[in-house]
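Chains as they are written, first to last, in our numbering: chain A, 4 to 338; chain B, -12 to 121.
Please note: incorrect hints may appear among the correct ones.
[Claimed, not checked] Pairwise CB distance ranges (calculated):
| # | chain 1 | residue 1 | chain 2 | residue 2 | range |
| --- | --- | --- | --- | --- | --- |
| 1 | B | T47 | A | K191 | 38 to 44 Å |
| 2 | A | R144 | B | A78 | 47 to 53 Å |
| 3 | A | G213 | B | T47 | 33 to 39 Å |
| 4 | A | A134 | B | G108 | 24 to 30 Å |
| 5 | B | A42 | A | R257 | 44 to 50 Å |
| 6 | A | Q326 | B | P113 | 23 to 29 Å |
| 7 | A | R89 | B | E87 | 42 to 48 Å |
[Unchecked claim] Chain B stretches covered by chain A per the calculated footprint, using a threshold of three residues with CB under 8 Å from any CB of chain A:
| # | segment |
| --- | --- |
| 8 | 76 to 89 |
| 9 | 96 to 104 |
[As the list claims (entries may be wrong)] Covered by chain B, per the in silico footprint, the following chain A stretches (three or more residues, Cβ under 8 Å):
| # | segment |
| --- | --- |
| 10 | 91 to 103 |
| 11 | 204 to 217 |
| 12 | 239 to 249 |
Please keep in mind that the hints were generated in silico from the structure rather than gathered at the bench. Ideal Cβ placement from N, Cα and C applies to all residues, glycine included.
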Amino acid sequence: MRVLPYFALLASVLGCTDATDRTNGFSRAGNVMGTVAELKALPRSPGVGTRAAAEAALDEAFGVLERVEERTTSYHETSDVSRLQRSETPFVVSDDTDATLRLALEVAAATDGAFDPTMGALMRAWGFPEAPAVPDSARVRAARSRVSADRLRPEGDGAWIVEPATELDLGGIAKGWAVDRAADLLEKRVGPCLVNVGGDLAVRGSKPGGEPWRIGVQDPRDPSRLFVTLRLSGKRAVATSGDYQRYVEVDGVRYHHLLDPRTGWPARGVNSVTVVGPSCAVADAWATAVFVMGPVAGLAALEEQPELEGVVVTVDESGALVQHETPGFAAFRQP
Amino acid sequence: MTAALFSPRGLWRALTSADRALALLLLLGFAFVGLVPRGGGAKVAIVSVGRSEVARLALTAPGTYPIEGRQGPVVLEVRHGAVRVLESSCAHGICRAMGEKNRAGEILACVPNGVLVRLEGGAADPDAPDSVSR
């Protein structure tokens, strides 16, 4: 009898500690795909061997990110994309590349070319990502003539062909694809998780007690501030495209990396777009497309996608943010 | 007797002197945790270049700390319990624009230089988002 109160108190202390461990989980950060990746995983069933299993899963998830990068980057001569571009006959690509190319063409078709996976020549003309500079109009026109999703075609069984002088750029979708695959792996091997690569992120499940993941979205004019916090759970992803990510300023004018495939010049009228949906790859591509299309046409196109919601941010003359959102976006906002 | 334990008076009477002392210590401990300001206050900045950890900076030790990145130096500054990128050799200075970080779990990065700074230690901020889309 005398020991019962003691154990009652001790049990309460241990219970608090155990709950804290399940909330914190395991995390890893590192550089991959030219940016910073953060991975968090919450063990579904804490117990013996949990830490070792979680760390192994995080290692594998980073491996997935690196694998997708190796296959889809234009910067390595041995990547699928580089070899596809050099091939004069149909070229069989990996499953990652095949799926990314298919998704890219679907979004290109759904956005009337506002998203285009063949922007490589234009991006290079502008010097993105490493050394942007404003090219002359003739150079933009020449590069623009080599851009069109019609220059890329599937030939069946994982084989693809591109027309000569076409340069693929999957930067606007491959990162999202990698995020999705890494999140799938972590959810299967560990439990609820969050994967963020360069600001494009996916969550799976929820935190202990059914608490949704809290995702902040950066203010396009102040990197130290958030303009909205979202509550996400289940299978959800968020991707943001902004004019502050990569740019060069000349005579007070910002020339950013979100080029309009139809003109070859940076899209105007929008400062950032955030899209929420079940797939980070799709959200990634649509965020780019909506940015290019502008707040009116972009939101209208987004509203036709049943699984996507989003917000377009513009800045008015006084410098205040103006948010234009799809009807269902409010459901994700933290009150 | 068992029923009596479930009243505060009955519970107190059931405890020995040692039990009472332990209970008081535990209650004082919980009270202390409640009084400590929640959130903020990371203790250390762990600096990596690529996959190699190169430095651990105590956020209680103000100063500037040059880190050799892939393209050149990145200078970190610790002050007021926070860390920021003071100078970097990268072209765009996105790392410098990240500002000061002082909460556990926050990250600074100079991607062209492969420099990653991760803050650890201290209490997590319960109001902070789990991640940021940017």
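Against the structure, the hints:
1. Against the hinted window of 38 to 44 Å, the Cβ-Cβ separation of T47 of chain B and K191 of chain A comes to about 41 Å, which satisfies the hint.
2. Between R144 of chain A and A78 of chain B the CB atoms are about 27 Å apart, so this pair departs from the stated range of 47 to 53 Å.
3. Separated by about 38 Å at the C-beta atoms, G213 of chain A and T47 of chain B satisfy the suggested range of 33 to 39 Å.
4. Distance hint check: the CB atoms of A134 of chain A and G108 of chain B are about 38 Å apart, inconsistent with the given range 24 to 30 Å.
5. A beta carbon spacing of about 35 Å between A42 of chain B and R257 of chain A contradicts the range 44 to 50 Å that was offered as a hint.
6. Under the hint 23 to 29 Å, the C-beta atoms of Q326 of chain A and P113 of chain B, about 26 Å apart, fit the expected range.
7. For the pair R89 of chain A and E87 of chain B, the supplied restraint of 42 to 48 Å holds, since their beta-carbon distance comes to about 47 Å.
8. Counting residues of the segment 76 to 89 of chain B whose beta-carbon sits less than 8 Å from any beta-carbon of chain A gives 5, enough to reach three: the coverage restraint holds.
9. Coverage of the segment 96 to 104 of chain B by chain A holds [criterion: at least 3 residues with CB-CB distance below 8 Å; count 5].
10. Evaluation of the coverage hint for the segment 91 to 103 of chain A: breached, as 0 residues show C-beta separations to chain B shorter than 8 Å, against a requirement of three.
11. Coverage of a stretch by a chain is defined here by at least three residues with a beta carbon nearer than 8 Å to that chain's beta carbons; for the segment 204 to 217 of chain A and chain B the count is 4, and the condition holds.
12. Counting residues of the segment 239 to 249 of chain A whose CB falls under 8 Å from any CB of chain B gives 6; the rule of at least 3 is met.
Hint check: violations occur at hints 2, 4, 5 and 10; the rest are consistent with the structure.
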